[in-house]
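Engineer: First to last, the sequence lines map onto chains A and B.
Taken in order, the first sequence gives residues 11 to 763; the numbers are from the numbering used here.
Taken in order, the second sequence gives residues 11 to 763; the numbers are from the numbering used here.
To be clear, the hints were calculated from the coordinates, so they are not data collected in a lab.
Fair warning: this is a prediction, and the values are worked out from it, not measured in the lab.
A few of these clues could be false.
Stated by the list, open to error - Here are the simulated lysine to any residue pairs, SDA-like style, with alpha carbons at most 20 angstroms apart:
1. A/K260 x A/L306
2. B/K595 x A/L652
3. A/K103 x A/R116
4. A/K744 x A/N759
5. B/K475 x A/P691
6. A/K595 x B/T604
7. B/K475 x A/N590
8. A/K631 x B/N663
9. A/K475 x B/S695
10. A/K595 x B/N658
11. B/K375 x A/S695
12. B/K199 x B/A148
13. A/K723 x B/S473
14. A/K88 x B/D690
15. A/K69 x A/I57
16. A/K605 x B/T598
17. B/K613 x A/L652
18. A/K631 x B/E342
19. B/K631 x A/E342
20. A/K631 x B/S473
21. A/K631 x B/E329
22. B/K484 x B/M440
23. A/K115 x A/G477
24. B/K475 x A/E592
25. A/K692 x B/E342
26. A/K613 x B/Q609
27. B/K631 x A/Q457
28. A/K675 x A/N537
29. A/K260 x A/D250
30. A/K484 x A/G603
31. A/K692 x B/G106
There are 2 protein chains.
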Amino acid sequence: MIQSPLHTIRLRLGILCLTLALGILSFSCNKKELAEVKTEIKNQKPILSLSTSEANEIKELLSTNEVIQISFEQHKNKADNAIKNSIKVPVPKDPGGGYTHEKHKRNYSDMYSAGISYIITKDTKYSKFVTDMLLAYAKMYPNLPLHPKSKENHPAGKLFWQGLNESVWLVNSIQAYNLVSDAISEENKTIIEDNVFKKVAEFISVDSKKTFNKIHNHGTWAVAGVGMTGYVLKDQDMVDRALYGSNKDKETGFLKQIDMLFSPEGYYSEGPYYQRYAMMPFMLFAQAIQNNQPDLKIFEYRDQLLGKAVTTVLQLTDENGAFFPFNDALKEKNYLTSELIFASNIAYTYYKDSSLLPIILEHNKVSISGAGLEVAKALKDSEPKAYKKVPLLITDGNNGTDGGLALLRMSNGKKNEKITSVFKFASQGMGHGHFDRLSLFLYDGKQEILQDYGAARFLNVESKKGGRYLPENKTWAKQTIAHNTVIVDQTSQFNANVKASSKVSPELLFSNLKDSNLQIVSAKEENAYEGVKMQRTLTLVKSQTTERPPFIIDVYAIKSKETHQYDLNFMYQGHVMEANFEYAKENTLSALGTKNGYQHLWKLAEGKSDNNFATLTWLNKNSFYSISSLISSESEMIFSRLGANDPNFNLRNDASYMVRENDKKDHVFVNIIEPHGNFDPKLESVQNPHSDVKNIELISSDNNYTIVKVTFKNDDHYILMIVNQEHDPHKKHKITIDNQVYQWTGNYNLKTN
Amino acid sequence: MIQSPLHTIRLRLGILCLTLALGILSFSCNKKELAEVKTEIKNQKPILSLSTSEANEIKELLSTNEVIQISFEQHKNKADNAIKNSIKVPVPKDPGGGYTHEKHKRNYSDMYSAGISYIITKDTKYSKFVTDMLLAYAKMYPNLPLHPKSKENHPAGKLFWQGLNESVWLVNSIQAYNLVSDAISEENKTIIEDNVFKKVAEFISVDSKKTFNKIHNHGTWAVAGVGMTGYVLKDQDMVDRALYGSNKDKETGFLKQIDMLFSPEGYYSEGPYYQRYAMMPFMLFAQAIQNNQPDLKIFEYRDQLLGKAVTTVLQLTDENGAFFPFNDALKEKNYLTSELIFASNIAYTYYKDSSLLPIILEHNKVSISGAGLEVAKALKDSEPKAYKKVPLLITDGNNGTDGGLALLRMSNGKKNEKITSVFKFASQGMGHGHFDRLSLFLYDGKQEILQDYGAARFLNVESKKGGRYLPENKTWAKQTIAHNTVIVDQTSQFNANVKASSKVSPELLFSNLKDSNLQIVSAKEENAYEGVKMQRTLTLVKSQTTERPPFIIDVYAIKSKETHQYDLNFMYQGHVMEANFEYAKENTLSALGTKNGYQHLWKLAEGKSDNNFATLTWLNKNSFYSISSLISSESEMIFSRLGANDPNFNLRNDASYMVRENDKKDHVFVNIIEPHGNFDPKLESVQNPHSDVKNIELISSDNNYTIVKVTFKNDDHYILMIVNQEHDPHKKHKITIDNQVYQWTGNYNLKTN
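Using the sequences and the hints, build the whole thing.
Structural biologist: Below, the structure is given as structure tokens:
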């Protein structure tokens, strides 16, 4: 049942009173309460994200609160520009990027800004604009067939080639309508509600039932649009379908989506780039639910899942604020995006999580809503500072059992900068997922050191396939070779088959991210290649005797009964400085392989060595990095560069360094990855340009334990003992090798001199 | 004759009084003068860059003036660290980068910091450190042979493998000695002066007479060291040799260097990267001259040449402050370098040029000297702002007749950002010069769009040939193909022969950088290739009807009686977006040629077109750029990438795009270079991703005139008329082509719709 407006107001005033009682404001609560009640009763509308009293307060703050002013002006300018031009509601014709597609997108965005402008200024030119446009839609929409450019096997829209855009149109337009509805005649309201909103909602929730009931972000946009429309049209049935699915059996719908699409820590399995996008309908609809059905306690739902989801997506960013480029992701995208303005504003308002304020301050923009008002007031005394990033283990899967992610983070010795190593052992992440299990990402401060390619796509760039995913996204970016992990027999994990890979996930074995000198994570993947079991253990270690930045011990153990070729790839960023082995560069370049992404790499050089470890050192933005790899005289070190079989210059020319082992059954890759020096062009001085690794030894490797030892040039040594099965933090272990006894308790041990 | 200290003080007080009289301070001048005189007489020492009274004032300001504090603390920390360790003056043994080399460099730097620390704190631990170290040098130096690692054909040092470092040692050490001399016993003074400074000065000015008399920056360091030593040792003969050359005939020496090494605008022919380095001895010695022989009016010399030189080197930087990478230059180097702290402080003090303050503020550091004191006081009320860069024509050669440089600068439409196009038609620039005549550099804001490679060198990186210039500096970076200009028959200008190219220079034909809508420069080069005459005219044009950023009309006219192959190369920075012609990418890569730099380019693709112009569009940091080139069906468009024949990964993997014309005698390349759009990842919007060029026509080209017409898609057109000979800004021209009359006055005309 929809709560009565009075009930809602009482509850909100209760919260307000509590806040006041807590001493934030010091005058009498009772008087204020009464005054507020009167105003609110008079000004109860709209009901989605902004009450009239909040709008009035925003209006008052326009002259004194800069962020409110900036944020509102953007809407007003946009609305003013839109009003200058005549209203155009063209018959849908073009696909994504084409005129009618872009125009209908523009229309909902203009209507939303005009709605905001009206509620703040009460100038009826804005409400008239929205009304006229909706009346134009009312004339056209009821007779629209499916969009002419819709595609088989892809949910169609009517205004747009795909249904997703139709849902986004509804989410925006219903808000615009709600914001101006007190200025629309009853007659026009009927026309608009009957011929636009009911029809669109019906199209989305009934005609497109399959998408509406999907546990997927397309489904979230659909239920959000329909649910918000239900509140505005006072159609509780519509609302209930959005909340509980078409059959109202709770097997689908918004709550089920919250249950299924996130892990317990709020990770959305498509990855942060898509999570950013999905958070908008989740948070907007949640806010509407909270305003209309507060009893549902939507922000408390599933142990405050929505709040965790916002925090998690923000933590899944590098020091530029850019999302870690898991799966199909554009690397340019960062947390300053508009979706996260809405989401972070709402999260701050309902969870009072002040750790969000630095990002909101960085946005320098708030949503014009009750939530935006709240944060704008909270920002007043905030000083700019960096959003605090922490080491985090984030599980994947709605039960938290489908693998996950580890964010290893440790100071690099410079102020406010960290070494960040991301270890990805998550599930496939649906259709946008990459075949990247057990892959590694490395950042030093704001710099990418070992990179994931991200997506092969130039968003909205017409000349690049209309801005869609490029063919190379499939032939390169999704393939295992495009990631910093092991490729078996030059094929991708699961033979790049999404269906197969979606059935199983990697498994977290153990982790500890709480030790200030050592962060460790171990995970296994036993399904990606038939008959091949892989376990990777990443350890970020702070030296106890030197000032050098933390280094990584990377132990990648593989077991198989058959012989295979194993390629451990590193997509390093930077310029080769030196190697401790000989390599021969090619005089003419050919592709490294013929398929599975290998066809896109030009093979530049190959090296071998009689040394027992191979070190490659490179320079990235004035800092030096090295990978030292345990090898044998049979190992091949291969340098490549991206760009082969790329007829339209779609790929970047990134570098790859690979350690290749041929004809192996069981094998353990041991790598020490060190940030270790820098070049100061001002002082013309160079510090520590060489790797400090003196030796790497694999002391033991069997089903039970892997033990590796690394020795540095100053004779510091580190012995890492890893438990490979029956993990238990309290179990005692003891093993004797070459008369040396190794004993410890728990899943790992790091012994230093 | 050396001026008496009293005379000096009187003169300086005179200036002070004048300043006071001008109302900067409001109390009585006379009283102040007397007070000052007393103090100064008491505290007249030292005599190079800092008086005791200035030192006292600095000491007083330490608690209130932040920049003084920061700057002094750096010296003090350095000196304190140095004192902690025992003094080591090793027998010279190692070449550049080796232990003894680095140690002797460190020693002079430590002594200088200790000298500064002493004069400010009067703590004798600092003067003792300097004294003890100089005494250690006194024991060793008199018996030193030439350095064991010195090279034939390269001026040798004794402490260092090359004489240059010896001079730098002297410049620093004599200042350190001077700063602490009141704390040294007469006995020790005699030892130090006789066995160190006289010996070093003799070695530099007598034994190494050839370098000492060289008109070259090595000569400047030499005369600066010896001249400053002369002032401290009160040896006017030594000073005079420094000022007027070994023979005191003014044919060489400091003044002759000022005459010869700079153009009238203060351009130093080796280019800004080396000018930065040379400015230090020029300005330090000038300051010492001003303090000891003010009658010489050194800062007035040659129409205030030294002041112009400082301004010019600062203007020769991009919007990151990095020096334009002419000749052998490291791109990382910018105007925050220590040499320019000294130089800009001194220039501000003597020329009162407040335009320098933003840079000094950016340094956040001043020299601890009279000049540093003056700027630190001036900075107090300064607000950070960008150093103002202006369009500039800078001639080369001491008479200004050896070609030059044009810096075309126009707003790109964004706040505080400019399109900067550098046109280089300068002389060879000695041994570090590149074969780059008539080359073009393009920047958009802080981004390099069309780049010069700079030097192939990793300064001080041991693994890269000990930090010296790499072999690829000669085989690639110096070659003509590494620059954005025309290469004839795949050979470099002057066959890459420095001697030949040093004899002749390009010639400026005409220019106008003062028009706010059009900046134009035309220059010719007729000696670089036998029998080939080249004229390039660059025009930066602001559209009169649209908001698009300024574009470039680039007209490169070549005349020859023989047939040649002409390659116009563009080292573009960014990712290819689209081309209006077909191209076929190679399946295996080979080098584009076998020598003259061509051997370093992998040929990626070749295109042809029946269209009369070829457009290539690329994306650089979210902005779009296009080059549209007038072509015929025979023209070849060639894509390459650097990296071939580079056995040690010494080269970057930069991109090249080339328009090739085969079997041509006369030919005119016409190119329109447009910045034209951008991608906003936050809004996911793309503006103007396509070139706006609709047509390019060469209307006429003969000995007298070149006329080109470019038409844009909105039908804006621009007709550029260029006069090719008998340049005269007042001459009237008239020519009829296809019944169309073109008439104008002066060397060029740009006609728009």
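Engineer: Going back to the hint list, which numbers does this structure go against?
Structural biologist: none
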